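Chains as they are written, first to last, in our numbering: chain A, 284 to 394; chain B, -7 to 109.
Among the hints, a few may not be true.
[What the hints assert, rightly or not] Heads up, simulated PhoX-like pairs for lysine-lysine below, C-alpha to C-alpha not over 20 Å straight-line:
1. K33(B) x K285(A)
2. K33(B) x K325(A)
3. K339(A) x K325(A)
[Claimed, not checked] Residues of chain A placed beyond 10 Å of chain B at every Cβ, according to the derived structure:
4. G299
5. V302
6. K353
7. T383
Treat the hints as calculated values from the structure; they're not laboratory data.
These figures come from a predicted structure and were not determined experimentally.
Beta carbons: idealized from backbone N, C-alpha and C, even for Gly.
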Amino acid sequence: QKEVEQDPGPLSVPEGAIVSLNCTYSNSAFQYFMWYRQYSRKGPELLMYTYSSGNKEDGRFTAQVDKSSKYISLFIRDSQPSDSATYLCATMDTGRRALTFGSGTRLQVQP
Amino acid sequence: GAVVSQHPSRVICKSGTSVKIECRSLDFQATTMFWYRQFPKQSLMLMATSNEGSKATYEQGVEKDKFLINHASLTLSTLTVTSAHPEDSSFYICSARDFSGAYNEQFFGPGTRLTVL
């Protein structure tokens, strides 16, 4: 079993839709939870990070972490064609400080 | 955010040759850098953790004699793929950790695409 599981997609939605991206993880030691966006042939860029459980909102993006169920979510409101990319969830434990990534979900927002 | 550069962005080499990839933190000092490998349509897999002034820590299954890592300064880490083979063809991405951030955020380079013929 992978430490972080993520549906690879692809996920295709019309412009303006609400997008829900999800991951599950297995290691209780993970304390930090991140979402990265990666455009084709580019390095990942950090979108959101959350420490422990809870919600965090930044513009059209909302990240949620439920540690009791080991579930991570990213919601994108009013999705735009420019949001088309691969979205990677990642976790980090406080000890090693290395990131463990999910497999990434490819998102396509149709104009 | 902080900027991390990688050079070269793309390299094509013959089987059996060695290739060096540089990772630089441009506006912050990074005592720790990470090297990842990403195959097409797959996620980033951590290869090794590079610590300035000491030996790198390799993940299980990564050959340290094949993937040589040197972190000689606080802003530069290099990955050398020795005796490259076609199966080493991949997208190599580095990241650098900024210790001044709240949770030591990692900033990623743009990646280096290696093709071994």
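task = Against the structure, test the hints numbered earlier, and report the numbers of the ones violated in rising order.
result = As far as the earlier hints go, 3, 7 are violated by this structure, in ascending order.
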